[in-house]
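**Student:** Okay, here's what each chain looks like letter by letter:
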Amino acid sequence: MAWQPCIGLEVHVELATESKMFCGCRNEFAAPPNSLCCPVCLGLPGSLPVPNRKAVEYVIRTGLALNCQVAETCRFARKNYFYPDLAKNFQISQYDEPLTYGGYIEFVADGEPVRIRIRRAHLEEDTGKNIHLPDGRSLVDYNRCGVPLMEIVTEPDFTTAEQCRVYLLELRSLLRYLEVSEANMEEGQLRAEPTVNLINSQTGQRTPKVEIKNLASIKAVHDAVQYEINRQLHAVEHGEEMFQETRRWNQQRGITTVMRRKETADDYMYFPEPDLPPLSPDPQWVAQIRASLPELPQQRRARFISQYGLPQYDAEVLTASKSTADYFEAVAAACADAKAASNWVMGDVQAYLNEHNLDITSFPLEPQRLAGLINLINEGVISSKIAKQVFPEMIATSRTAEQVVEEKGLKQIDDAGQLEAVIQEAIAANPKAVEDFKNGKQKALGALVGFVMRQTKGQANPQLVNQMLRQKLGA
Amino acid sequence: MQLHELTAYELSKKLAAGEISAREVVAGYYERIQAVEDRVQAFVCQTRELAEKKAAEIDEKRAAGEPLGPLAGVPIAVKDLLCTKGLPTTCCSKILEDFRPPYDATVIERCHQAHMPIVGKTNMDEFAMGSSTENSAFQVTRNPWDLETVPGGSSGGSAAAVAACEAPLALGSDTGGSIRQPAALCGIVGMKPTYGRVSRYGLIAYASSLDQIGPFARTVTDCALLLQVIAGHDPRDATSADLPVPDYVATLDAGIEGLKIGVIRELVYGQGIHPGVKARVLEAIDTLQNLGAECEEVSLPNIDYSMPVYYIIAPAECSSNLARFDGVRYGHRTNRSVSDIYDLFAKTRGEGFGEEVRLRIMLGTYALSTGYYDAYYLKALKVRTLIKKDFDTAWEKYDLLVCPTSPTTAWKFGEFDQLALKLADICTIPVNIAGVAGLSVPCGFDDGKPVGLQLIGKPFSEDLLLRAAYAYEQATDWHKQRPAL
Numbered sequence: 001m002a003w004q005p006c007i008g009l010e011v012h013v014e015l016a017t018e019s020k021m022f023c024g025c026r027n028e029f030a031a032p033p034n035s036l037c038c039p040v041c042l043g044l045p046g047s048l049p050v051p052n053r054k055a056v057e058y059v060i061r062t063g064l065a066l067n068c069q070v071a072e073t074c075r076f077a078r079k080n081y082f083y084p085d086l087a088k089n090f091q092i093s094q095y096d097e098p099l100t101y102g103g104y105i106e107f108v109a110d111g112e113p114v115r116i117r118i119r120r121a122h123l124e125e126d127t128g129k130n131i132h133l134p135d136g137r138s139l140v141d142y143n144r145c146g147v148p149l150m151e152i153v154t155e156p157d158f159t160t161a162e163q164c165r166v167y168l169l170e171l172r173s174l175l176r177y178l179e180v181s182e183a184n185m186e187e188g189q190l191r192a193e194p195t196v197n198l199i200n201s202q203t204g205q206r207t208p209k210v211e212i213k214n215l216a217s218i219k220a221v222h223d224a225v226q227y228e229i230n231r232q233l234h235a236v237e238h239g240e241e242m243f244q245e246t247r248r249w250n251q252q253r254g255i256t257t258v259m260r261r262k263e264t265a266d267d268y269m270y271f272p273e274p275d276l277p278p279l280s281p282d283p284q285w286v287a288q289i290r291a292s293l294p295e296l297p298q299q300r301r302a303r304f305i306s307q308y309g310l311p312q313y314d315a316e317v318l319t320a321s322k323s324t325a326d327y328f329e330a331v332a333a334a335c336a337d338a339k340a341a342s343n344w345v346m347g348d349v350q351a352y353l354n355e356h357n358l359d360i361t362s363f364p365l366e367p368q369r370l371a372g373l374i375n376l377i378n379e380g381v382i383s384s385k386i387a388k389q390v391f392p393e394m395i396a397t398s399r400t401a402e403q404v405v406e407e408k409g410l411k412q413i414d415d416a417g418q419l420e421a422v423i424q425e426a427i428a429a430n431p432k433a434v435e436d437f438k439n440g441k442q443k444a445l446g447a448l449v450g451f452v453m454r455q456t457k458g459q460a461n462p463q464l465v466n467q468m469l470r471q472k473l474g475a
Numbered sequence: 001m002q003l004h005e006l007t008a009y010e011l012s013k014k015l016a017a018g019e020i021s022a023r024e025v026v027a028g029y030y031e032r033i034q035a036v037e038d039r040v041q042a043f044v045c046q047t048r049e050l051a052e053k054k055a056a057e058i059d060e061k062r063a064a065g066e067p068l069g070p071l072a073g074v075p076i077a078v079k080d081l082l083c084t085k086g087l088p089t090t091c092c093s094k095i096l097e098d099f100r101p102p103y104d105a106t107v108i109e110r111c112h113q114a115h116m117p118i119v120g121k122t123n124m125d126e127f128a129m130g131s132s133t134e135n136s137a138f139q140v141t142r143n144p145w146d147l148e149t150v151p152g153g154s155s156g157g158s159a160a161a162v163a164a165c166e167a168p169l170a171l172g173s174d175t176g177g178s179i180r181q182p183a184a185l186c187g188i189v190g191m192k193p194t195y196g197r198v199s200r201y202g203l204i205a206y207a208s209s210l211d212q213i214g215p216f217a218r219t220v221t222d223c224a225l226l227l228q229v230i231a232g233h234d235p236r237d238a239t240s241a242d243l244p245v246p247d248y249v250a251t252l253d254a255g256i257e258g259l260k261i262g263v264i265r266e267l268v269y270g271q272g273i274h275p276g277v278k279a280r281v282l283e284a285i286d287t288l289q290n291l292g293a294e295c296e297e298v299s300l301p302n303i304d305y306s307m308p309v310y311y312i313i314a315p316a317e318c319s320s321n322l323a324r325f326d327g328v329r330y331g332h333r334t335n336r337s338v339s340d341i342y343d344l345f346a347k348t349r350g351e352g353f354g355e356e357v358r359l360r361i362m363l364g365t366y367a368l369s370t371g372y373y374d375a376y377y378l379k380a381l382k383v384r385t386l387i388k389k390d391f392d393t394a395w396e397k398y399d400l401l402v403c404p405t406s407p408t409t410a411w412k413f414g415e416f417d418q419l420a421l422k423l424a425d426i427c428t429i430p431v432n433i434a435g436v437a438g439l440s441v442p443c444g445f446d447d448g449k450p451v452g453l454q455l456i457g458k459p460f461s462e463d464l465l466l467r468a469a470y471a472y473e474q475a476t477d478w479h480k481q482r483p484a485l
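Chains as they are written, first to last, in my numbering: chain A, 1 to 475; chain B, 1 to 485.
Keep in mind the hints are simulated off the structure, nothing from the lab. Beta carbons are placed, not taken as given, at the ideal position from N, Cα and C, and that holds for glycine.
Examples of chain B residues toward chain A, derived with CB under 7 Å:
{"#": "1", "residue": "TYR103"}
{"#": "2", "residue": "TYR201"}
{"#": "3", "residue": "GLY202"}
{"#": "4", "residue": "ILE204"}
{"#": "5", "residue": "ALA238"}
{"#": "6", "residue": "ALA323"}
{"#": "7", "residue": "ARG324"}
{"#": "8", "residue": "SER369"}
Derived lysine-lysine pairs resembling DSS-like cross-links, with alpha carbons at most 27 Å apart:
{"#": "9", "chain 1": "B", "residue 1": "LYS458", "chain 2": "B", "residue 2": "LYS397"}
{"#": "10", "chain 1": "A", "residue 1": "LYS79", "chain 2": "A", "residue 2": "LYS262"}
{"#": "11", "chain 1": "B", "residue 1": "LYS379", "chain 2": "A", "residue 2": "LYS79"}
{"#": "12", "chain 1": "A", "residue 1": "LYS457", "chain 2": "A", "residue 2": "LYS472"}
{"#": "13", "chain 1": "B", "residue 1": "LYS347", "chain 2": "A", "residue 2": "LYS129"}
{"#": "14", "chain 1": "A", "residue 1": "LYS411", "chain 2": "A", "residue 2": "LYS385"}
{"#": "15", "chain 1": "B", "residue 1": "LYS347", "chain 2": "A", "residue 2": "LYS79"}
{"#": "16", "chain 1": "A", "residue 1": "LYS457", "chain 2": "A", "residue 2": "LYS385"}
{"#": "17", "chain 1": "B", "residue 1": "LYS382", "chain 2": "A", "residue 2": "LYS79"}
{"#": "18", "chain 1": "A", "residue 1": "LYS129", "chain 2": "A", "residue 2": "LYS54"}
{"#": "19", "chain 1": "B", "residue 1": "LYS94", "chain 2": "B", "residue 2": "LYS422"}
{"#": "20", "chain 1": "A", "residue 1": "LYS457", "chain 2": "A", "residue 2": "LYS388"}
Chain B residues, not near chain A, derived (Cβ > 10 Å throughout):
{"#": "21", "residue": "GLY65"}
{"#": "22", "residue": "VAL338"}
{"#": "23", "residue": "GLU356"}
Build the full structure now, drawing on both the sequences and the hints.
**Tutor:** Okay, structure coming up:
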């Protein structure tokens, strides 16, 4: 194919600092409208911005994790445009001197290793929110105005929608590991705007760039990029006229529609913010931040495979969220059976969390107690099947596995003497199965074992039952 | 001698000694304001009730033996672009006619902490853009020395109030000469401290990288006392300097024996300096030499570019700083019907801003636009660096620089055209461009109108600047002369 997609992603991340970017107002989601405002974030005349050190640290942290350079000196710049959600009618951002720049991220997508260059990760302030009423009036909530926002811009290195999807998953996981943002797209803490065009690999010819907005989930980004690639391919193949434009993703219809055409580039009249001196992060501070970087998802994934012998799939699922990975490691450490720990975390634990719409950090069953349950299985005290009954009981009662097993009398029956009577009963009650087995049908034994297990409410040791039946039937 | 003729220093001594109460001082000043204000028109707002209440509190505190600062009970007038909580703060613009900020500027907080009653807010050129105070949307302030002439600007109200003894002290702001030039034209002392010496928090910005708040006074000692109150680091202003503040009064009388003073050739002998002004300044230089300073001519080769640099940088910053006045959250909003939000912005701003402000916003918007940024704004920043370097080179050899504060004395209303009005700042603008400190001290009269001598000091050398001005002042008696109102 001569025409190759050429996609760049611009991602805005709301940083999880306690206070706003340039004032002391609390940075919170869903507070009553205009309750988190002061003269600075309202841009009242005479007020001045003072940068939030924590926000600077978060961007440096992210920049380092994305293999970026940290600028020796950078500047804030004013982006000037009139809009009511912008209290000063300019946004304090960064322009030609970003805080971090020139990095990359690597991951696997469509089964291929991919390396995406990161152009820059810089710091700016968020805008307020306009609320349009049905009667035509508009209201503005300035709570979000001045919230620290990190902008991460890639080079146009993506060639498929799947790469965009995996990148966003990786980035989201990275941001959570770094603890710089909750990074929920649904709450607007992570916003992605792809720019899509096509390049002709033979002639070098390029189609006009199209920016896509209104993407509320990672899936929407994937679908919109895929739609846009197809739309543009169709357009070049049919010689349709194409425009540099901003298009809106329509989730219901699964298509993009024109928002506005760009005849000329927007002129934001950027200039250095005169109220803020240049920012020169102390190299020692940067070194400290670098040294304090946590283990990142990719490193942790590799370690889960090498240290715990987990399959690639398990490692990927468990490390996608830092708290899940932390939970898994705590269970694995206390039960010395990593694969079993992995199965429980990915299986029953995840199912419970999904069902109750909980995050693992608020899961009532502590890793120690779950490990206790796994240990009981491995020690042969209970069967896996019994364990499934014990598990919800442990969640509900905050007791240990031993306590639940003890109280409910769920201990496995390992004593042949105790099983003798029920084995006899099984043979007496299932003459057909006995005959079949004696005639060489190995499978028929299953019916007899099943009978014993039912009679003992699953507590009989299945291996022992098997052995005893074979003995009785002279096999 | 009448109460209002006392200096702030003299008042403070009498107050401290219990010879006079803060209430009497405030009452005395309002008596003076009533007597002359209809001719001078320095104030756009008088805050008598608050000042009287404050004075009563101060007297109580003093009676109770509470420790009070040296200026406790000494009244002050405040330029109407410094935010005063709950009081009108208009920048003398229609767009902020009804604006009352919910907070005090840092300098106002410091005046409160120093227990200084505020007598009123003073007239100014709209948003500090002008050099005659004629650009005020509200009224015309007259020069107390000659009521047919301008007081200078943009802090013309503050300068006229102090010159007319309507207040012993005043605060102004100086972006291109807006304290020093009206101080010179009104025959008083005015200082623009080093950029970063005084917090700008609560100063409604004109051009952020040039604006600086400073004191007006009738004597150098008073000027030092007020600077002491307002100077110092403020965590709310990222451009304020985190440096210790020296005791400005303690070193005032140390003399200037052996100081090396550079006489700026371009601004003393250059074009546009009125002969009468030049003559007074040369006499002042002789006096400085007689006091033991070594004066010699020095050239700052790029200083002539200060004016064009200023008229790119200041409008560029103002076009952005003033964007927030859009009628959405506060201030004037158009009553006319509007088609959309942009129409609301346009009509509101068109009605709310005066002609000079609109002109500078347009100029600045143009200079920052894509395609012009490199040719204008970026070039201006580069030349600004060259001008700064000229000053840096001068500091290698000289402790201070001198030149006139204003190329002319006060002119008649309407006498100057727009270009001449802008040229009124040629001697003061370079100091803002370089971010250094400048002070104007009275150095005589030309045709009955005051002339100011400008002393310029390296960054954060306000103490030396005040010391030299004090030595000169003590050797002359210009500061003792008062306008016959």
